[in-house]
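The chain contents come next:
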Amino acid sequence: MNRRIALRHLALISGGLAFIPSCDFSSDDILTAYNNLKITQSQKQLLGDISNVIIPAGEIKGALDIEVPDFILVMVNDCLNSEQQTLFSTGLAAFPDFAKQSGGGNFANLNPKEKEAIILSGQNLEGDETEKGAENKAISYFLNTTKRLTIQGYMASEYIQSEVIPYSLIPGAYNGSVLISDIQKPRING
Amino acid sequence: MANLNIRNKQERTYEAIVIGSGISGSWAAKELCDLGVKTLMLERGRNVEHNKDYPTTNMLPYEFEHRGQITQAEKEANPIVSKCYAFREDAKHFFVKDAEHPYVQEKPFDWIRGYQVGGKSLLWARQVQRWSDFDFEGPARDGFAVDWPIRYKDIASWYSHVEKFAGVSGNKDGLPNLPDGEFLPGYDLNIVEKHFQEQLKKAYGNDRHLISSRCAHIHEPRPEFTAQGRAFCQNRNLCQRGCPFGGYFSSNSSTIPWALKTGNLTLRPDAVVHSIIYDEEAGKATGVRIIDANTKEMEEFYAPVIFLNAAALNSNLILMNSTSNRFPNGLGNDNGLLGKYVAFHNYRAQVSGQYEGHLEYTTSGGRPTSAYFPRFRNVYKQETDFLRGYAAGFSASRGVRPNTEGIGMDLKNSLLNPDQYGPWYVGSHMMGETIPKESNYVALDPNLQDPYGMPQLKISVDYDDNDEKMIKDYQEQMSEMFEKAGFTNIRVNDDHRQPGLDIHEMGGVRMGKDPKTSLLNANHQLHAVPNVYVTDGASMTSTSTQNPSLTYMAFAARAAHHAVAESKK
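In the order they appear, the protein sequences are chains A and B. When the letters of the first sequence are read in order and numbered with the working numbering, they come out as residues 21 to 210. When the letters of the second sequence are read in order and numbered with the working numbering, they come out as residues 180 to 748.
To be clear, the hints were calculated from the coordinates, so they are not data collected in a lab. Small disclaimer: the values here were computed from a predicted structure and weren't measured. Backbone N, C-alpha and C define an ideal beta-carbon position, used for all residues, glycine too. The reader is advised that the hints may include incorrect statements.
Just some of the chain A residues that point at chain B, by a computed CB distance under 7 Å [stated by the list, open to error]:
1) 99
2) 177
3) 181
4) 190
5) 195
Use the sequences and the hints to build the structure in full.
Rendered as structure tokens:
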């Protein structure tokens with residue numbers, strides 16, 4: 021949360037500094053809010069795109085609508101060790117070329133089914149000792165981590181836990197033998 | 180800030196001083212205050228007021244930036260406390276960070292501490308099983324440590340006394356080795372736990388039992404708890420955050436506010452105890468010297484009775500740092516045994532499995548406890564190649580999970596409509612008695628100091644052959660019981676955790692009949708300084724297998740009444 025505010029502030033400050041000649045808004049600045057990572061604005065957009073393929077918008081909101089990419093980057097920045105962070109960043113950096121090679125174009129311009137196919141194949145890449153193998157390992161690590169954190173960030177979001185599947189701090193008394201057939205929950209259509 | 184040292188001595192004099200505000204200290208203070216004794220309670224940490232200082236208690240999962248996880252930076256800065264299962268984003272503010280109070284690990288030991296008003300009573304696992312004479316008679320029967328100077332009959336009524344006030348839920352199980360107490364209705368076992376219970380009866384007759392573990396939770400509202408400002412347990416299972424309902428017993432929700440209400444308690448947080456003051460002429464302790472945690476200034480408080488309840492190892496540390504011409508090796512330490520015979524509970528092994536029966540059932544809601552195996556090894560007679568035995572925790576659970584395969588709209592719909600039940604998962608962990616030995620000890624490091632200028636505690640505690648044999652036996656026996664119950668995919672584990680992570684460190688100031696071989700008498704008084712009482716884990720002569728806090732509470736209450744009776748003589 022705080023970081024999101026910090027990002028907003030950063031945007032305001034950068035805007036305020038627009039008169040400084042060296043401030044070039046066309047460049048792809050590294051996002052300083054994630055100080056352990058070297059993530060650029062365009063990489064964050066790509067991450068958002070990928071998370072939104074993993075959990076797309078439909079009848080209810082998707083990952084991008086509820087700022088899941090912010091959560092992913094906070095978790096990668098704060099909770100992974102430096103080795104894992106390097107793998108994640110390397111995989112993220114290598115993903116556009118991987119997408120081009122396997123899908124024949126810029127990932128952002130592909131249709132949802134094509135994007136899904138690329139992510140699924142990238143998740144299953146296997147690493148080996150070669151340079152290419154190391155890159156493949158990073159891509160699959162990046163995609164699998166992104167999927168895991170997308171699921172976590174989405175399901176444990178304020179939106180899901182207050183509007184879709186309300187979370188209760190008080191779960192009620194214990195029943196140690198509930199017939200599953202007696203549990204009826206309305207189906208939620210995503 | 181005024182210089183407190185020039186305050187009149189009389190203003191700093193009380194009728195009793197209690198060092199420590201955790202489970203045992205707060206019980207000593209509560210009893211003393213109820214008996215009309217003007218009591219000063221010293222706590223080295225900050226104040227934590229019930230409800231007011233539980234910042235995370237009503238936070239929703241998404242309000243935690245890392246959804247509960249400890250960050251990498253916190254882990255790297257705190258390799259010791261990070262190992263504790265409860266050191267998570269929602270409760271980390273109640274744990275001592277590694278740099279706050281360094282110590283020397285002569286042998287690997289994870290010392291998990293909570294320095295605040297209420298101590299670890301905010302964080303404990305709330306399991307409260309009574310000891311029986313099978314426990315108190317252990318050292319005498321099996322020839323280790325020294326004989327306990329007390330028996331069950333000495334403590335039984337005090338167990339009742341503290342259970343009634345703290346609120347303990349459980350069933351009357353009628354087991355001689357785990358006496359029944361003053362119980363609120365017990366929590367139910369689930370269908371698979373009951374299945375296990377029945378299978379054990381079939382396979383082992385009346386030798387092995389699985390019961391609903393007795394826990395310090397209020398299962399139903401009663402006026403005596405309302406009078407404490409406590410409601411009842413809402414099954415939140417967020418206890419480590421501090422409970423706004425006072426649903427479980429903590430010093431903060433129960434004994435401390437109660438004692439404050441008598442008007443007899445003065446609570447002094449941020450008071451790091453340096454030592455107990457001994458007056459050579461009077462031949463007794465006269466007060467306590469503290470270091471103000473904020474100003475680092477020394478200050479003294481005086482009282483005719485001192486209760487030492489700083490938690491097991493810190494109580495050792497304070498006594499060792501309380502030196503005088505009469506006691507150059509620490510207060511009451513005429514026999515050189517202070518700090519020795521430290522023991523703990525062996526939690527190293529786990530057994531897990533699955534159950535493919537009762538698949539049409541699951542559970543709903545929450546409960547604050549699970550199932551418990553009282554010790555069944557070597558209870559009536561020695562029957563194995565190791566001494567003593569182990570209790571065990573047990574639970575069966577079944578949750579519904581979503582299918583997380585794939586991505587896209589299918590994944591989204593699976594996540595929103597979880598329908599994968601899978602088998603029941605069953606799991607058990609051992610709680611083994613360890614044998615106190617002279618070679619398991621704590622001492623003051625001669626060179627290193629903590630940030631307050633106090634000597635660092637050097638800890639030298641390790642497992643032994645008896646523990647290794649017990650681990651093996653637990654793994655074999657529990658696997659056999661799992662097999663007999665029809666559980667499958669049985670896995671045994673030894674997590675090789677270091678001593679300390681059980682957070683059941685005990686001893687060093689043990690009780691005994693003989694001043695030559697023990698530090699405390701049957702009333703928890705130092706043999707050599709009878710106006711100093713030690714009623715926390717430090718006083719334990721042996722560990723048995725039960726979670727120890729209930730016994731400390733009963734000890735503290737009993738000793739407080741003894742102290743008041745003595746003062747009236």
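Exercise. Which of the listed hints are broken here?
Worked result: none
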